[in-house]
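Peer 1: The lines below spell out each chain.
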Amino acid sequence: MAKILIVDDDPDLVEAVTMILESKGYDVAAAYGGIEGLEKARSENPDLIVLDVMMPDKDGYAVAKELKADPELKEIPILLLTAVVSHITTTKYTPQMGLETEAEDYMDKPVEPEELVSRIEALLAK
Amino acid sequence: MEQPKVIVIDDEAIMRDGSSRILAKENMAVVTAENGEEGLAKVKESPDDFDVMLLDLMMPGMSGMEVLEQVREIAPSLLVIVVTGYATVDTAVEAMKKGAYDFIPKPFTPDQLRIVVHRALEKKALEEEAKRLRKEAEKSLKDVAKEKSKTHTIINSMTDGVLVVDKDGSVALLNPAATRFLSISVEEVLGKAIDQIKVEALTQAVKDVLRGEEENLAGVSQEIQLQTDGKEIYLRCHAVPVRDEDGALLGGVAVLQDITQLKELERMKADFVAMVTHELRAPVAAIEQQLTVILKGLAGEINERQARMLGRAKERAKGLLDLVKDLLDLSKIEAGMQVQYMEPVDIGALLAKVVELMRPQAEQKGLTLEFELEEGLPSVNADAANMEGVFTNLISNAIKYTPEGGLVEVSGKREGDYIRIDVRDTGIGISEKDLPRIFERFYRVKTEKTRQIVGTGLGLSIVKQVVDAHLGSIDVQSVENQGTCFTVKLPVVAK
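As you go down the protein sequences, you meet chains A and B in turn.
Under our numbering, think of the first position of the first sequence as 2, with each following residue one higher.
Under our numbering, think of the first position of the second sequence as 39, with each following residue one higher.
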């Protein structure tokens, strides 16, 4: 089964997302910050990374940029989790951020379990 | 005029009494004297009190003519009517020459007396009015003299900067506040070209205004940022043309308002908003995420009652999150950030997109969502993201407030220079009492039916602000328990 790395500074969110993914049988690794996320991206050899945007040490954009610049890691699909303003009246900002960071996909926090799983399945199938 | 006062001087008691009676009936106050000395004494007591004197010319002692002469001196505004028993043209003419206003021959009828006295009173009233007007004119002439120094004082004591230029672009006036803002002395620029002031944004605004003659420009408003005493200050500059009565350009006036503190407040507000974004949203999002996971049974079995309570808890968390998002939207709109990306937008395509986005939500609730669009609708100038927000909000509301089995209709068509979009539902409707207030911030209709519906009360106020910012209009019609229809009109892009 595929291995997924979750990078988020909020342990409660990591736990909740872990439960969703584990219930579908995925292998889950967790990192609680941007820098740790980059380390684990190398050491854990994940098939996909779920990446939070707002993190104090190194934010999701910076992490994604480094990942995509690394020839060994750039193939790993990234699903960006945004808690940044993405209300109905500001939806246009979110896709722009996704594009800027070259992340493969993005979702709003909190996520609906089915939606998260189907997005991940789609990314892994590519 | 208050009650007119007449003095009757006659040596014959019958004449005094008769005249008094007749004039008293005309609502006049009458004072009598039986000879010239007595009459003069009474006039002297209060020379301004009497309006008319009825004066017998032929009296023992002091003659009428003598009395007349003295009265003219004591009370020049008192109108004297001479009465003479031997009415000859000569005596009348002599009396008139001496300043009598009129004469009446003896014997006279009550009507004759009334007429002559009334005529005198009218004359007196006119004279007084003329006097009053003369006084007023004198006063306003004095005012004009004062006005210049007054205006000068006002302009110089203003905390806003004032800059006046002639139509040839030379500086005509610069008040102390302006010299402070612009770090320049009056001597440096007065009478010289506006370009002497090295603040490009300001000089440009003034020049634009001076060109206003052909362009019919009403005024230019802009923000200027500059360094004063090593400090950064922000000015709002409002420049307007000055014209004469015929509309010919005389020059321009620029008013400079220090908005540095306002800017600082704006920045603090933006910081606060950013803080709210992270500090408030993140934990609520986490709470909702955790509840979602528990509700799915991913953290172990939960019973029906727990599921129900946690379901409500999740709804509440979601509502809280929506509130935070709405507040952020609101502060962004207030900061003027929201409607910045105006571009021609195909409103039909945008509507279609929003309707499809909302369709799952409608179906989930067992509602029919219908969409009708007139072909070939022209573009509107809009911020697409905001417009999506407007219609998402309206359709989402329609779905929220319409019971199962109901109908939500969205239609777009052209109506003159506007595109008209209706969002109609067969929902619970809005009572007449609530209808005028639904666009107010934080206004929510609280009834048994709406209690279960999560909302912040901000949605419609934001919708209205966005529509207003697009120079459009939004109206609502509703009948309780039958349905509601929101109508948005947006101006078509002028060709």
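Take the hints with a grain of salt, since some may be wrong.
Said to hold, decoys possible - In silico SDA-like pairs for lysine to any residue, Cα to Cα no more than 25 Å straight-line:
| # | chain 1 | residue 1 | chain 2 | residue 2 |
| --- | --- | --- | --- | --- |
| 1 | B | K403 | A | S119 |
| 2 | B | K451 | B | K356 |
| 3 | B | K307 | B | I262 |
| 4 | B | K363 | A | Y62 |
| 5 | B | K334 | A | E116 |
| 6 | A | K4 | A | L74 |
| 7 | A | K59 | B | K334 |
| 8 | B | K391 | A | D106 |
| 9 | B | K334 | A | Y62 |
| 10 | B | K356 | A | K4 |
| 11 | B | K363 | B | I262 |
| 12 | A | K4 | B | P382 |
| 13 | A | K4 | B | M100 |
| 14 | B | K403 | A | L74 |
| 15 | B | K144 | B | S178 |
| 16 | B | K363 | A | E116 |
Unchecked claim - Not everything, but these chain B residues come out facing chain A in the computed CB check (under 8 Å):
| # | residue |
| --- | --- |
| 17 | E317 |
| 18 | A320 |
| 19 | A323 |
| 20 | A324 |
| 21 | Q327 |
| 22 | T330 |
| 23 | K334 |
| 24 | L336 |
| 25 | A337 |
| 26 | I340 |
| 27 | N341 |
These are computed hints drawn from the structure, not numbers from a lab.
Predicted model, so just to flag it, every value in this text is computed and none were measured.
Ideal Cβ placement from N, Cα and C applies to all residues, glycine included.
Peer 1: Each hint: holds or not?
Peer 2: Verification of the supplied hints:
The suggested pairing of K403 of chain B with S119 of chain A holds, with an alpha-carbon distance near 23 Å, which does not exceed 25 Å. Of the pairs offered as hints, the one joining K451 of chain B and K356 of chain B is violated, with about 35 Å between alpha carbons and a cut-off of 25 Å exceeded. Taking the CA atoms of K307 of chain B and I262 of chain B, the gap is near 21 Å; set against the 25 Å cutoff, the hint holds. Using a Cα cut-off of 25 Å, the hinted pair K363 of chain B and Y62 of chain A holds, with the two alpha carbons roughly 22 Å apart.
A hinted pair counts as satisfied when its Cα atoms are at most 25 Å apart, and K334 of chain B with E116 of chain A qualifies at roughly 13 Å. Our distance criterion of 25 Å between C-alpha atoms is met by K4 of chain A and L74 of chain A, whose separation comes to about 14 Å. About 32 Å separates the Cα atoms of K59 of chain A and K334 of chain B, which puts this hinted pair outside 25 Å; it is violated. Proposed proximity of K391 of chain B and D106 of chain A is supported: the alpha carbons are some 20 Å apart, at most 25 Å.
Taking the CA atoms of K334 of chain B and Y62 of chain A, the gap is about 31 Å. The hint is violated against a cut of 25 Å. Distance check on the hinted pair: K356 of chain B and K4 of chain A sit about 30 Å apart at the alpha-carbon level, beyond 25 Å; violated. Between K363 of chain B and I262 of chain B the alpha-carbon distance is near 32 Å, which puts this suggested pair outside the 25 Å criterion. Among the hinted pairs, K4 of chain A with P382 of chain B is inconsistent with the structure: their alpha-carbon atoms are about 46 Å apart, more than 25 Å.
The straight-line distance between the Cα atoms of K4 of chain A and M100 of chain B is roughly 135 Å, outside the 25 Å bound, and the hint therefore fails. Our distance criterion of 25 Å between C-alpha atoms is broken by K403 of chain B and L74 of chain A, whose separation comes to about 44 Å. About 48 Å separates the Cα atoms of K144 of chain B and S178 of chain B, which puts this hinted pair outside 25 Å; it is violated. With a C-alpha separation of about 21 Å, the suggested pair K363 of chain B and E116 of chain A falls inside the 25 Å cut-off, and the hint holds.
The beta carbon of E317 of chain B comes no nearer than 11 Å to any beta carbon in chain A, farther than 8 Å, and the hint placing it at the interface is violated. Taking 8 Å as the C-beta contact cut-off toward chain A, the hint placing A320 of chain B at the interface holds, the least distance being around 6 Å. The interface hint given for A323 of chain B holds, since its Cβ lies 4 Å from the closest Cβ of chain A, which is under the 8 Å cut-off. Against a cut-off of 8 Å between C-beta atoms, the interface hint on A324 of chain B holds, since the closest Cβ of chain A lies about 5 Å away.
Interface restraint check: Q327 of chain B against chain A, minimum CB-CB distance 4 Å, threshold 8 Å, status holds. Because the beta carbon of T330 of chain B sits about 6 Å from the nearest beta carbon in chain A, less than 8 Å, this interface hint is met. Satisfaction of the interface hint for K334 of chain B is found here, the shortest Cβ-Cβ separation to chain A being roughly 5 Å, below the 8 Å cut-off. Interface hint at L336 of chain B: satisfied, since its Cβ lies 4 Å from the closest Cβ of chain A, which is below the 8 Å cut-off.
With a cut of 8 Å, the hint placing A337 of chain B at the interface with chain A holds, because the nearest CB-to-CB distance is about 6 Å. Because the smallest distance between the Cβ of I340 of chain B and any Cβ of chain A comes to about 13 Å, over 8 Å, the interface hint for this residue is violated. With its C-beta approaching chain A no nearer than about 19 Å, N341 of chain B sits outside the 8 Å limit, and its interface hint is violated.
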